[in-house]
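Undergrad: The primary structure of each chain is shown beneath.
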Amino acid sequence: MSGALRTIVPPAVVILAALALWEAGVRLWEPPAYLVPGPIAVASAIAEAPERLLGATLRTATSAFLGFAIAAIAGVSLGSVLSASSFLQRGFYPLATLFQMVPLVAIAPLLVIWFHYGLGATVAASAIVAVFPVLANTLDGLRSVDPGWRELFRISRAGRFVTWWKLGLPAATPQIVTGLRIAAGLALIGAIVGEFVSGYAGDRAPLGVVILAAMRENRADLVFAAIALSALVGLILFAMVGFGGWLFLRRWHASSVVAALALVLVIPFVVACDGGGAAPKPGAGAGRPTKAKLQLNWVPEPEFGGVYAALANDDFAREGIDLEVIKGGAGVSTPQLIASGACDFGVVSADQILQIREQGGDVVAIYAIFQTSPVAMMLHEANAIDSLEALWKSDSTVAVEPGLPYVTFLNKLYGGSKLKLVSYQGALAIFASDPTMAQQCFISAEPVQMELSGVKVKVFSLADSGYDPYTAVIAVRGETLRERRELVDGFVRAMRRGWRAYLDDPAKFNPAIASVNPAMKLEAMNLAAARERPLIETEWTKSRGLGSMDADRWRTLAQQMVELGSIKSAPDPAKLFVSVP
Amino acid sequence: MWPDAEAPVGAEPGGGALGVRVVGVSRRFPGVEALRGISLEVKPGELVAVVGASGCGKTTLLRIIGGLDRADEGRVEFVDAGGAAISPGRFDLGFGFQESRLLPWRCARDNTALPLELAGVPRAERRRRAEQTLSLVRLADRTRSLPAELSGGMRMRVALARALVTKPRVLLLDEPFSSLDEVTRLELDEELLELRRATGATTLLVTHAISEAVLLADRIVVLGTRPGRVREVITVDLPERGLDRRASAGLAPLVSKILDLISERAA
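Same order as they appear, the protein sequences are chains E and Z.
The first sequence begins at 1 in our numbering and counts up one residue at a time.
The second sequence begins at 1001 in our numbering and counts up one residue at a time.
Looking at chain E on its own, in the form it has when it is part of the complex (with noise of 0.2 Å):
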């Protein structure tokens, strides 16, 4: 059909010609992979596991079209019944602009604990923000019939029902079909965002939750690749919504085919946006005293007490270092912030530094808060599960931050293949509402917030599993390790005096903590840095220092990872991180 070629060869060769630059470009500017894969890399992340991908598809395909679904039907009713009253119009319309407002991101943590993990909050994700133009444009049309034609029907004495069914329902499909189009690429970010807190992780993962794992693993051609599913599924729903629009609206109304697969080609930027990082540019700074910037990879808390400690006693400026301090939180990727040298200093994790390597990040550890890892798995006190194999072996829900090494670890030490492993984006109340459940959590802060607010929990550390990497520690990029040694120096100085500081009366610093993250009590501060002390001064530390690190534990990571699958070859621990004397 000469017809259908000519709505599909335009944007097929736009799609290509797209992706044919976009690969010259990746040859010719050689971006580091971690920042810009080119569409073969993407491919071929595609082609790697397919398995993965394909099912974590089919799990996004099915959350999008059946939030679409009900949004559509309920989107439809809604509209319909506010069309019949003034009243109910007046008096509901501007509620429904309301639930059209509400940030998604902001409500999930309450749709996981009304509809639990998995399928029921991503469709319940999907279908609130779709449903909003279906019921918009639904009551638009049925409030624009022709009057001529409402007299038509009033004229045969029809009831209110027959003549919405065959007057008010056909007349307004044109626009209920746009409201539709509109609702289908909504439905499907609704369900990826939906995903990022309420999907199921490991081998269960839907698309967003391998978008959050692939981030953290830094690996940019997952993401894409991942992109690139979740626009296909938007793809097709739009396609179907198109051609039932068409089916209907082919003989009397011009229905635009071109503004569907215009708008087709909007999808993948938008869900790019939704879910992909902004790329940082670099940034240089030279001055007296030196400007750095240090990434944190979560809020202001404990963990980075001798951060704050050494702004209060000034010991970064006595290094000739004036600090600035950005706070992290869930989804910010300190990996690549600092790879990217978007920051000078960034906190990341011992396994991250070994993944980001490995996609070509130049990056080094120069300072490890954390000697055993203060990772651990949190449950309910009341809960008969008494020891980590224990939990692995069950079928408890666990949240954890997906791509982290550690999960595969313990699957493979203990098996898992019973456990429900789901997103953990921070929020403690679905842990809360769930005496069975199981998270991830530092030793110092989820499980001390939870006592405070009354909830008794016991926690079983993975340090003792025997995956022990360095936590919270400090890295830079490569470059500024060679050409500014004297910066990174003096910033482990100041940090080892400003930790020293803080070990001994933490109570004297915590206000300062509060004071920039009012979310945590001053009570569970002091209360977690005792609980942290003894993770981070260790013997080791009392004859080399704080923060040092030992070549041998980054070697057992190394070979932990390789085992692991999570990277491919053990480097040289030589090069992963630095001594300051």
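Incorrect hints may have been included.
[To be verified] As a list, the in silico SDA-like pairs of lysine to any residue whose alpha-carbon atoms are at most 20 Å apart:
#1 E/Lys-456 to E/Met-520
#2 E/Lys-166 to Z/Arg-1101
#3 E/Lys-293 to E/Gly-328
#4 E/Lys-166 to Z/Ala-1119
#5 E/Lys-166 to Z/Gly-1120
[Claimed, not checked] Covered stretches of chain E, going by a simulated chain Z footprint (3 or more residues, C-beta under 8 Å):
#6 146–153
#7 157–168
[To be verified] From the derived model, a few chain Z residues whose C-beta atoms are all more than 10 Å from chain E:
#8 Gly-1066
#9 Pro-1115
#10 Thr-1143
#11 Thr-1235
#12 Ser-1256
It is worth saying that the hints were derived from the structure and are not from the lab.
These numbers were taken from a predicted model, which means no experiment stands behind them.
Note that beta-carbon positions come from the ideal geometry of N, C-alpha and C, so glycine has one too.
Chain E is fixed; fit chain Z onto it per the hints.
TA: Leaving out everything else, chain Z in the frame of chain E:
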């Protein structure tokens, strides 16, 4: 006054055209007195044209007769051949509007069948009757065409078929052909006459085209403007009908007389 809830659903017409009696009907809209004290009588089977300048209230009068608008004063009665006042049933009135008002997603047959469908007439029966009526308006070969596939004249014919499909006893036409070109309009005027011969329905035709009124009508009601009131009722005493009337010697004086009546200022 129409509509009448008591009329049996799907009833066949009680047979025979109805007469229409308008008694002292007045209607005012905010700021405008549309009709003042209109009285007129239409005999069963008669074709009466209502003419007048734009804004004289012709359409309002027709809508009040059809029950689509209410009168502030006065009343409208329908009478049968014996002179007895009756309430028209749901199929007794047929409506034609300036626009065709066809539903674009329905083919000619299903548009025509709409009044039957809404009254609950079974599908096979209403399709048969719709097809029958469409062949009356010479569209037997276009029953499955959608409105967008029909010419303007054809669309008006479908609208006419829809008005006739219930076999109405009174046909109320509001400038039905005003949107058509002259040739098509004359064609449809001729067809209207044929249809009337076939159905025998009393016809009230509102038009702003004096020539159309003169060619078709038995009598012509001339309305004055602001407020609309009956200026004169003229009996068209000419031989023949339709295009054949054009040859008649009495035609030209009649047209100029009506023109004078309409263009006069105050009564």
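Undergrad: Can you name, in rising order, the numbers of the hints this structure does not satisfy?
TA: 8 and 9
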